[in-house]
Structures are given as structure tokens and as C-alpha cells.
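Work out the full structure: start from the sequences and follow the hints.
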Amino acid sequence: MSTEYIRAVSIRRGQVYLTSKSSNDDVPYHAWHCESLSKVYEEEGQPGLDREILRMLCEYAVLKGRHPSLERYRHALEAPEKEKIFQETAQALQAAYDLLQGEDQAHPLTAQSEAARAYRLTARKLQDRQYTALARLCSECSG
1 MSTEYIRAVS IRRGQVYLTS KSSNDDVPYH AWHCESLSKV YEEEGQPGLD
51 REILRMLCEY AVLKGRHPSL ERYRHALEAP EKEKIFQETA QALQAAYDLL
101 QGEDQAHPLT AQSEAARAYR LTARKLQDRQ YTALARLCSE CSG
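Just so we're aligned: 122 in the numbering used here is position 122 of the sequence shown, and the numbers increase by one with no gaps anywhere.
Be a bit skeptical, because a hint or two may be false.
[As the list claims (entries may be wrong)] Here are the computed lysine to aspartate or glutamate pairs in the EDC-like style, where the Cα-Cα straight-line distance is at most 20 Å:
| # | residue 1 | residue 2 |
| --- | --- | --- |
| 1 | K64 | D25 |
| 2 | K39 | E52 |
| 3 | K64 | E78 |
| 4 | K64 | E4 |
It is worth saying that the hints were derived from the structure and are not from the lab.
The structure displayed is predicted, hence computed values, not measured ones.
Structure (C-alpha cells):
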């Protein structure tokens, strides 16, 4: 699995551009228009963009370098409140998992029962809440 290395995030004429590269190829860093992030930015503004970039950073991307556009994300990821946010999410997710029955607990991501589907929906909502809470920390950054 590859990791996306993000060197900068910029907004030009309402569109979001990332300067990044993938860990699994030799292509150098390059700026590119990210349609999905641009759509989120258009619909939700900076808070939505922050949420989705933090989702990327928690799931498959890392910050590289010290570009000023990265400081808000670094601040959120290094804030002491981050651990509490993650802990609350993990506890809520565990409580939802504990409600599942045997086969659903054995395969919560692939089981097709109504309970397993509800669990996956709950997990997605909890992750959204987690990333939204992290995004609020971005607004505290003066950088």
C-alpha cells in the first residue's frame, strides 16, 4: 500500500491543489488539482477541507516539509486534545462492536447482516465525528 506525501495544500480560484507524490513511484513532487477536495471546499468551506485532509492524514497520507499551508494540520495532529478525540472514538466503536453477535464480530467489515451493516454505518459516523473534531483544532492554529 502506498503513502501519499503531502508537501503543500493551496487554494487557487476556489480550487484545491495538492503538492504531493506517492511513495510507490519515482515521480517527483507535483502540484495537481484535487477534484474531490475542491468539491468539499466549495460545499463546506475550510472546515470541510480540513476534515477531509485530516482523514487522508490519518488513513494514508503524511505531511512532508514545513510549508506554511501544512501547519494547521500539523497543529491538529500534535494537539494534546487529539488523543482524547481518538480515545472517545475508539471507545464508542468498541461499544458498537460489542453489540454484534458471533459471526458479525468475526467479520464486521464483510458480514451482510443488518447488524453488521448498522455497525459499519456507525463506524463511518464515528470517524466523521472524529475528523470533524480534529478539524476544529485547525482553526486554533495561527499558522
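Q. Within 20 Å, alpha carbon to alpha carbon, are K64 and D25?
A. holds, 16 Å
Q) Is K64 within 20 Å of E78, Cα to Cα? A) holds, 15 Å
Q. Holds or violated: K64 with E4, Cα cutoff 20 Å?
A. Judged against 20 Å, a Cα distance of about 10 Å means the pair holds.
Q) When you check the alpha-carbon spacing of K39 and E52, does it fall within 20 Å? A) Judged against 20 Å, a Cα distance of about 11 Å means the pair holds.
Checked against the numbered hints above, the structure violates none of them.
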